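Those sequence lines, one after another, are chains C and V.
Numbering-wise, the first sequence is residues 690 to 936 according to this note's numbering.
Numbering-wise, the second sequence is residues 3 to 253 according to this note's numbering.
Honestly, the hints are just simulated from the structure, not real lab data.
Since we're looking at a predicted model, the values are computed, not measured.
Among the hints, a few may not be true.
Claimed, not checked - Some chain V residues close to chain C (C-beta under 8 Å, calculated; not the full set):
1) 79
2) 84
3) 107
4) 249
To be verified - For lysine-lysine, the following DSBU-like pairs were computed, each having C-alpha atoms within a straight-line distance of at most 35 Å:
5) V:135 to C:788
6) V:135 to C:709
7) V:116 to C:712
8) V:125 to C:713
9) V:159 to C:713
10) V:135 to C:691
11) C:713 to V:135
12) V:76 to C:914
13) V:125 to C:712
14) V:76 to C:713
15) V:135 to C:914
16) V:76 to C:712
17) C:705 to V:20
Positions of the beta carbon are idealized from the N, C-alpha and C atoms, including for glycine.
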Amino acid sequence: MKLLFHLGRYSRLLAKVFAKPEKKRIYFRQFLIELDRLGLDSVGIVFIISIFMGAVITIQTGLNLENPFIPLYLIGYGTRDSMILEFSSTIVSLILAGKVGSNIASEIGTMRVTEQIDALEIMGVNSASYLILPKILAAVFINPFLVILSIFIGIWGGWLGGCVLTDVLTTDAYIVGLRYAFVPFYITYSLFKTVVFAFIITSVSAYMGYFTEGGALEVGRSSTKAVVYSSVLILMFNLILTQLLLA
Amino acid sequence: MIEVRNIYKSFDEVEVLKDISVVFEQGKTNLIIGQSGSGKTVLLKSIVGLHEIDQGEILYGDRNFSAMNFRARKVIRQEIGMVFQGGALFDSATVEENVMYPLDMFTDQSTEEKLERANFCLKRVNIENANDKYPSELSGGMRKRVAIARAISLNPKYLFCDEPNSGLDPKTSILIDNLIKEITEEFQTTTIVNTHDMNSVMEIGDKVVFIYKGVKCWEGSSQDIFDSDNRELNSFVFASKLTKKIKNIQP
Ligand SMILES: Nc1ncnc2c1ncn2[C@@H]1O[C@H](COP(=O)(O)OP(=O)(O)O)[C@@H](O)[C@H]1O
Ligand SMILES: [Mg+2]
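Just need the whole structure built from these sequences, with the hints factored in.
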């Protein structure tokens, strides 16, 4: 029953979010602000995660390859496809759920409990749309770029880890692997997942914040819930989308 | 003028407002008084439509607000200014941006015109040289004053204030109270103020409505309060030693 209640309220909120914006210029200004806050501010963390993940995948694959008949260049191939298929889209989205999700929920939650949302409503502003739409659009727009960035950095990190830091394989072999059996559709799949995940992170976190009741303590709770629910949903949709798109 | 007719409001079976009817007059500061938890905020938020009432009617002049849809209400909303209990200033915007916000949203004025209006409103509430400050950098009294400036930026016909001097020292409270009264008389707004502060009642109350546990228990002028023999009102008004003393001194 609780689930149905939340689903109903979530859908009604989204209907309000996607109502026709009143002043497009102001919405666009908010969109640019969110682009900066949700996108550019996340570049650092995406960079760090990706470089380490790429390096570790490469070294681990190298260490686990015991059969001498398997060519080493497959390590590069493995790193590339792991980054594209799973790590850059799903793991980066999970990390962003933690960073961006808690940020959105606490911002909107604080606005709710300090009556800033009431203040917007009283002026006749559609608060749901004004606060949430720019965030959803900004994340859906910018996250694919973050993922592409993550793929490249991950592959670079793989080279640093496997060819520079250790000598798991030679740079030449790594590059051969990177070029081996490339499936362009994997990129489409990865970016499609990212867009869905971006929508989940922003809308679910905004939902948690928007319906906060109480005070500072509840804002903290909403922010935790935002991270937990959006992470679980990301994992569920990862499974569903993989079945639909790749199986 | 705002008229409220027989309104009821409950949350999850708990009745918070019971059969409240009252008329709030134009150009006057109408006070809603009552203990904490008596339903003042719910009443105020019901009148402006932040809570949907279960029964009854709310009229702005001769316009039936409670029967309107969201679109029709928007017209009235733009005639409303509201000062929330904590100020409710937008944290991420400066003082100037806060006051300009309603103008940004609802007028097509140029930036200069908006700035001029914002500065006029800020000056009216005696805030100068703070345009670029953020709400977190302001004192409680300044925050309230900026909130008032934002509330009057669109020249409202109706002004609502929820506990405008909660959390302020007595002297600042009186300044804020008088500011609200002056604005009311100057711009002939219909002003409704929630308060539990007897100082405010004596200072600015043109008309006073006393709410007790969600029911309108008494109404009259601030002068009538001391002569009333309403038991609940008396126990509210003469709760402190100071007010008891005043009652004894009164001839
Ligand atoms: N959104 C809400 N949901 C449930 N109960 C509420 C809500 N808002 C207020 N109440 C209840 O209504 C009663 C009156 O509250 P309120 O109007 O805030 O009192 P006050 O006179 O102090 O402003 C309180 O018992 C409060 O718990
Ligand atoms: Mg209150």
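Comparing the hints with the structure gives:
The criterion of a C-beta within 8 Å of any C-beta in chain C is met by residue 79 (chain V), whose closest approach is roughly 4 Å, and the hint holds. Taking 8 Å as the C-beta cut-off, the interface hint given for residue 84 (chain V) holds, the closest approach to chain C being about 5 Å. Among the interface hints, the one on residue 107 (chain V) holds; its C-beta lies about 6 Å from the nearest C-beta in chain C, closer than the 8 Å criterion. For residue 249 (chain V), the interface hint is violated, the least distance from its beta-carbon to any beta-carbon of chain C being 36 Å, above 8 Å.
As the CA atoms of residue 135 (chain V) and residue 788 (chain C) are separated by approximately 28 Å, the hinted pair is consistent with the 35 Å bound. At most 35 Å may separate the alpha-carbon atoms for a hinted pair to count; residue 135 (chain V) and residue 709 (chain C) meet this at roughly 33 Å. Proposed proximity of residue 116 (chain V) and residue 712 (chain C) is supported: the alpha carbons are some 16 Å apart, at most 35 Å. Using a Cα cut-off of 35 Å, the hinted pair residue 125 (chain V) and residue 713 (chain C) holds, with the two alpha carbons roughly 31 Å apart.
For the hint pairing residue 159 (chain V) with residue 713 (chain C), the CA-to-CA distance comes to about 27 Å; that is within 35 Å, so the pair holds. Annotation: proposed proximity of residue 135 (chain V) to residue 691 (chain C) is violated, straight-line Cα distance about 43 Å (limit 35 Å). For the hint linking residue 713 (chain C) to residue 135 (chain V), the alpha-carbon distance of about 27 Å falls within 35 Å, and the restraint holds. Note on residue 76 (chain V) and residue 914 (chain C): the hinted pairing holds, with a Cα-Cα distance of about 33 Å set against a maximum of 35 Å.
Between the alpha carbons of residue 125 (chain V) and residue 712 (chain C) the distance comes to roughly 28 Å, so the proposed pair stays at or under 35 Å and holds. A C-alpha spacing of about 18 Å is found between residue 76 (chain V) and residue 713 (chain C), which places the hinted pair at or below 35 Å, so the restraint holds. Distance check on the hinted pair: residue 135 (chain V) and residue 914 (chain C) sit about 33 Å apart at the alpha-carbon level, within 35 Å; holds. For the hint linking residue 76 (chain V) to residue 712 (chain C), the alpha-carbon distance of about 14 Å falls within 35 Å, and the restraint holds.
Simply put, residue 705 (chain C) and residue 20 (chain V) have alpha-carbon atoms about 31 Å apart, close enough for the 35 Å limit, and the pair holds.
Taken one by one, the earlier hints fail for this structure at numbers 4 and 10, listed in ascending order.
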